[in-house]
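Asker: Letter by letter, the chains look like this.
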Amino acid sequence: MTLTVQRIREDVADVLGEDPADLPGDDDLVDYGLDSVRLLGLLERWRREHGVDVSFADLAERPAVAAWAALLGARR
Amino acid sequence: MTAASGGGLPLTAAQTELWHASTAGPDGPAPHTAEYLEIHGPLRPALLARALRRTADEAEALRTRFTDTPDGPRQFPVPLPADGFPLHTADLRRAAGPDAAARTWMDADLARPFDLAAGPPFRQALLRVGDTRWLWYQCAHRLVLDGFGRSLLVRRTAEVYAALAAGRPPGATPFGRLADLVADDLAYRSSEQYGIDRAHWTRVLADLPAAPVTPARPLLRRGARIPDEVTARLRALAGVLRATWAEVLIAAQALHVARTTEASDVVLGLPLMCRLGTAALRVPAAVANVVPLRLEVTPGIALAALVRQVVLGVRAARRHQRFRLGDLRHDACLPGGGRPPFGPLADVMPFDYGPAFAGLPAVPHDLSAGPAGDLALHVYDRADGRGLRIGHDADPAVRTRDDLADHQEEFLALLARVAHADPHAPLARLGTTTGARPRPEPPTAATADRDVPAVTHIGPVDAQARRTPDAPAVVHGDLVLTYAELTARSHLLARRLAARGVGTGALVALALPRSVPLVLGVLAVLKAGGACLPLDPEHPPDRLARLLADAGPVCVLTDRATAGLLPDTGHPRVLLDASDLPDPPSAGPPRAFTLGHPACVIHLPAPTARPRRAVASHAATADPSR
Numbered sequence: 000m001t002l003t004v005q006r007i008r009e010d011v012a013d014v015l016g017e018d019p020a021d022l023p024g025d026d027d028l029v030d031y032g033l034d035s036v037r038l039l040g041l042l043e044r045w046r047r048e049h050g051v052d053v054s055f056a057d058l059a060e061r062p063a064v065a066a067w068a069a070l071l072g073a074r075r
Numbered sequence: 000m001t002a003a004s005g006g007g008l009p010l011t012a013a014q015t016e017l018w019h020a021s022t023a024g025p026d027g028p029a030p031h032t033a034e035y036l037e038i039h040g041p042l043r044p045a046l047l048a049r050a051l052r053r054t055a056d057e058a059e060a061l062r063t064r065f066t067d068t069p070d071g072p073r074q075f076p077v078p079l080p081a082d083g084f085p086l087h088t089a090d091l092r093r094a095a096g097p098d099a100a101a102r103t104w105m106d107a108d109l110a111r112p113f114d115l116a117a118g119p120p121f122r123q124a125l126l127r128v129g130d131t132r133w134l135w136y137q138c139a140h141r142l143v144l145d146g147f148g149r150s151l152l153v154r155r156t157a158e159v160y161a162a163l164a165a166g167r168p169p170g171a172t173p174f175g176r177l178a179d180l181v182a183d184d185l186a187y188r189s190s191e192q193y194g195i196d197r198a199h200w201t202r203v204l205a206d207l208p209a210a211p212v213t214p215a216r217p218l219l220r221r222g223a224r225i226p227d228e229v230t231a232r233l234r235a236l237a238g239v240l241r242a243t244w245a246e247v248l249i250a251a252q253a254l255h256v257a258r259t260t261e262a263s264d265v266v267l268g269l270p271l272m273c274r275l276g277t278a279a280l281r282v283p284a285a286v287a288n289v290v291p292l293r294l295e296v297t298p299g300i301a302l303a304a305l306v307r308q309v310v311l312g313v314r315a316a317r318r319h320q321r322f323r324l325g326d327l328r329h330d331a332c333l334p335g336g337g338r339p340p341f342g343p344l345a346d347v348m349p350f351d352y353g354p355a356f357a358g359l360p361a362v363p364h365d366l367s368a369g370p371a372g373d374l375a376l377h378v379y380d381r382a383d384g385r386g387l388r389i390g391h392d393a394d395p396a397v398r399t400r401d402d403l404a405d406h407q408e409e410f411l412a413l414l415a416r417v418a419h420a421d422p423h424a425p426l427a428r429l430g431t432t433t434g435a436r437p438r439p440e441p442p443t444a445a446t447a448d449r450d451v452p453a454v455t456h457i458g459p460v461d462a463q464a465r466r467t468p469d470a471p472a473v474v475h476g477d478l479v480l481t482y483a484e485l486t487a488r489s490h491l492l493a494r495r496l497a498a499r500g501v502g503t504g505a506l507v508a509l510a511l512p513r514s515v516p517l518v519l520g521v522l523a524v525l526k527a528g529g530a531c532l533p534l535d536p537e538h539p540p541d542r543l544a545r546l547l548a549d550a551g552p553v554c555v556l557t558d559r560a561t562a563g564l565l566p567d568t569g570h571p572r573v574l575l576d577a578s579d580l581p582d583p584p585s586a587g588p589p590r591a592f593t594l595g596h597p598a599c600v601i602h603l604p605a606p607t608a609r610p611r612r613a614v615a616s617h618a619a620t621a622d623p624s625r
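Each protein sequence line maps, in turn, to chains A and B. Residue numbers for the first sequence follow numbering that gives the first Met the number 0, so the first one is 0 and each next one is one higher. Residue numbers for the second sequence follow numbering that gives the first Met the number 0, so the first one is 0 and each next one is one higher.
Because the hints were derived from the structure by calculation, they are not lab data. Hints should not be assumed to be uniformly reliable.
Output of the computed footprint for chain A on chain B, the stretches with three or more beta carbons under 8 Å from beta carbons of chain A [claimed, not checked]:
| hint | stretch |
| --- | --- |
| 1 | 239-248 |
| 2 | 270-280 |
Derived Cβ-Cβ restraints for the label pairs, each shown as a range [to be verified]:
| hint | chain 1 | residue 1 | chain 2 | residue 2 | range |
| --- | --- | --- | --- | --- | --- |
| 3 | A | A66 | B | P354 | 44 to 54 Å |
| 4 | A | V29 | B | A262 | 46 to 56 Å |
| 5 | A | Q5 | B | D264 | 41 to 51 Å |
| 6 | A | E17 | B | R385 | 39 to 49 Å |
| 7 | A | Q5 | B | R221 | 44 to 54 Å |
| 8 | B | G129 | A | G16 | 40 to 50 Å |
Idealized CB from N, CA, C, for every residue including glycine.
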């Protein structure tokens, strides 16, 4: 199943305990409580469920929904 | 800045701190960070050797030499020699026990020092232990590498190996440069944030209790897996508490350390990666920091409250995580000898290894010993689908291997109970042992050699409540309490008592009329994990005062009417009032006082391993069934 932008937003909101609608597209998710444990959890989930092939450092470099959508080739 | 530049580079603050620690004394364990990767399948050793070499060439921060200068220590990138790459290979298949032989070799290598002045400060090994089983070992001086850095090396080595195996170029290096790392560090240390962070930690350190000394001996280490079912529950629990599973584990470590050391003021050591949002994200180097995390594990505390402390404490620590406590070593607030100002570590490592090395199944094994300290907990999340692994350390001068095994089994049992517990119930009610060896009891007034009058026994009221909730449990005059009501009200009262500090082993004096309030009070104290000291308010006040002074209860449970008859001994009072008791029925025939259950027993606190010594019963005073 291909990853969508909406799915990224929902999964991130899930680990941060936020409402998906409250998540900014471009803002740094670290400011919203994203840490290494949560980041690795997201990576593991996306690898398992969507066959994503990026590294922890790839995601950590620009931790934002829009940046991840571009990196992961997520469709809208 | 190139390798040819004469002056080299200064050290980062992290490296400076490690430099002083490693030169402080020769008696400590070798300051190395090491691991091995167990690779299954048709590995090509020559290809791996090339991949290792390529990766080491790219990891500039790894291949450096260090020189002490009048301006302080400096580091110089060292090109790797054309021959003599530090890779040891061995085929151990014909050894009597290949894995044991490999472990012996690795343990010996871990103890061998590095020549920091000459470099390079790392070593590799490839040990064949089976036809399709290989152990790839890597060891480096802590000055140049940390745990996260090791995982970066593993990932890049696998990438290069896979590319070489497929006959394609490995692509540009993902690693950042040592010079950028040093520049980033310098920028931070000249920033306003540095001053803010320094002030924060100076304040924190000024207040901390004395820390245990980090042992100089190599530590004992024991590993285990957390069962998947427990991990799943911990994740769910964390979600409910708006925390991560890591924070719940840190809370569990705090609880376990509090019980083991019999202290409620716990200062854990919290390692932080310090990689997100910095130039260090893609540099195999030594970046991790360790800061104190102080937690109050009071007797009556609930998991939710403890986890909340952890969440807030970790959040505060992260805001100031780039500051190295070593920078305070010349200030008064760091203890003598620059000893780290914290106790056991709560070391959670979310490092991305994945399940395979270039398509071959691979399992990482951490080998790093000290300076973790006694009772350190390490937790490994490797994103490899194999669940969470833990490691415990113990100081061999204080604990045997059996002690360490017991300690770890206790932790796993505690974790399982925490995972299933009501997060708002007092943690003191969770059991303390696995039923292995009996633990020494903490001394309390009740177990000291005292003539504590005592106890009647109340039977399993809760069990009866489940069977016949609406049956009358306690009747006194017009007052009827059903089993359901008795259970509910005693539970509420127990929580009030827990909030006042009543927990396992706590003594509560009861001065209540021998009727419904006393039964409620006794049950509530037991539920809170405490023991009862019944007081007869008809006894002379100075006798009561002596009794209270002798026994030293946490509080006195009484009601307004009875409180007036008690001497003022300064012990805090918890008052039962009308809201604790049900309203008397408007009509109904008067009935004799009875208790639903024929045998009334007050259990001394259940969770302790050894039964408390039996105490003589002053039946006339204490038996409410009469």
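Asker: CB of E17(A) to CB of R385(B), is that within 39 to 49 Å?
Answerer: Roughly 30 Å apart at Cβ, these two residues miss the hinted range, so it is violated.
Asker: Is 44 to 54 Å a correct range for the gap between the Cβ atoms of A66(A) and P354(B)?
Answerer: Given a distance of about 26 Å, which is not inside 44 to 54 Å, the answer is violated.
Asker: I want to verify a distance hint. Is the separation of the beta carbons of Q5(A) and D264(B) within 41 to 51 Å?
Answerer: holds (47 Å)
Asker: Regarding V29(A) and A262(B), is the given constraint of 46 to 56 Å on their beta-carbon distance met?
Answerer: violated (34 Å)
Asker: Taking 44 to 54 Å as the hint, is the beta-carbon distance of Q5(A) and R221(B) inside that range?
Answerer: holds (45 Å)
Asker: With a cut-off of 8 Å between beta carbons, are at least three residues of the stretch 239-248 of chain B near chain A?
Answerer: holds (count 4)
Asker: Please check whether G129(B) and G16(A) have a Cβ separation lying inside 40 to 50 Å.
Answerer: Between G129(B) and G16(A), where Cβ atoms are some 46 Å apart, the hint holds.
Asker: Do three or more residues of the stretch 270-280 of chain B come closer than 8 Å to chain A, measuring C-beta to C-beta?
Answerer: Satisfied; 5 residues make the cut.
In summary, the structure is inconsistent with hints 3, 4 and 6 from the numbered list given earlier, while agreeing with the others.
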